[in-house]
Amino acid sequence: MDGQTVFLAGLIKHKQTDERDSVAGFGSIPILGAIFRHKDFQQRDTEVVITLTPTILRNALAAQSGTEASSQASVSIPSSGAAQVSPSTEIMPSLAAEDPVNKYSTMIQSIIYSNIKYPAELKSQAIEGTVKLSLHLLPTGELLGTVVMQSCGNALLDESAEKSVKRLSPFPAFPPEIKLKELWLDIPIVYRADK
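Straight run, no breaks: the sequence shown in our numbering ends on number 195.
Hints should not be assumed to be uniformly reliable.
Think about it this way: if two alpha-carbon atoms lie no more than 30 Å apart in a straight line, the pair counts; the simulated DSSO-like pairs of lysine-lysine are [as the list claims (entries may be wrong)]: (1) 179 to 132; (2) 181 to 163; (3) 181 to 132; (4) 103 to 15; (5) 166 to 181; (6) 123 to 103; (7) 132 to 166; (8) 132 to 103; (9) 103 to 13; (10) 39 to 15; (11) 13 to 39; (12) 103 to 39; (13) 132 to 163; (14) 166 to 179; (15) 117 to 103; (16) 166 to 123; (17) 117 to 39; (18) 163 to 123; (19) 181 to 123; (20) 163 to 179; (21) 181 to 103.
Calculated from the structure, these hints are not laboratory results.
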């Protein structure tokens, strides 16, 4: 996953040394020669450890700007009390049209954004925050799992976002152009209370 550290370790070199020194002539005398001999045995292991923390660029826009270019859903509670969901930013249409993965990701995000609701039990509290979910999808559209990559600080909002996405599963299958065996899709959802 993006930002998670991986450790690679392994034994590189194993070295044993056995040195024997003796006083010339006296070291070869049976029994008494042991007093004039010295034996040094050493064993050394050298191991290398490599750490890797990847930064995953999701598309060409992210590579150019250095930021992740994904759309966000904004779930607002206007003064009327009815929950509304609207995308606050969109992926550039040209990128989505060129890359089948971006096109598929945009479709999944649209499905989620059009069905997400602000939790009824929190409407009176007007809690705000951003939940960033990472979805693990199979080619059939089956949701293998969700991970809260960034909590909004409120467990109820986090759980509500996860439950909403799980309820929508299974999603449409990958189009034939996508030859991946699995897909991790990051979905940020912004909860705002409009005054």
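Now the hints, each set against the structure:
{"no.": "1", "hint": "179 to 132", "result": "26 Å, holds"}
{"no.": "2", "hint": "181 to 163", "result": "24 Å, holds"}
{"no.": "3", "hint": "181 to 132", "result": "23 Å, holds"}
{"no.": "4", "hint": "103 to 15", "result": "55 Å, violated"}
{"no.": "5", "hint": "166 to 181", "result": "20 Å, holds"}
{"no.": "6", "hint": "123 to 103", "result": "33 Å, violated"}
{"no.": "7", "hint": "132 to 166", "result": "15 Å, holds"}
{"no.": "8", "hint": "132 to 103", "result": "20 Å, holds"}
{"no.": "9", "hint": "103 to 13", "result": "49 Å, violated"}
{"no.": "10", "hint": "39 to 15", "result": "17 Å, holds"}
{"no.": "11", "hint": "13 to 39", "result": "23 Å, holds"}
{"no.": "12", "hint": "103 to 39", "result": "72 Å, violated"}
{"no.": "13", "hint": "132 to 163", "result": "13 Å, holds"}
{"no.": "14", "hint": "166 to 179", "result": "24 Å, holds"}
{"no.": "15", "hint": "117 to 103", "result": "24 Å, holds"}
{"no.": "16", "hint": "166 to 123", "result": "22 Å, holds"}
{"no.": "17", "hint": "117 to 39", "result": "78 Å, violated"}
{"no.": "18", "hint": "163 to 123", "result": "17 Å, holds"}
{"no.": "19", "hint": "181 to 123", "result": "40 Å, violated"}
{"no.": "20", "hint": "163 to 179", "result": "28 Å, holds"}
{"no.": "21", "hint": "181 to 103", "result": "17 Å, holds"}
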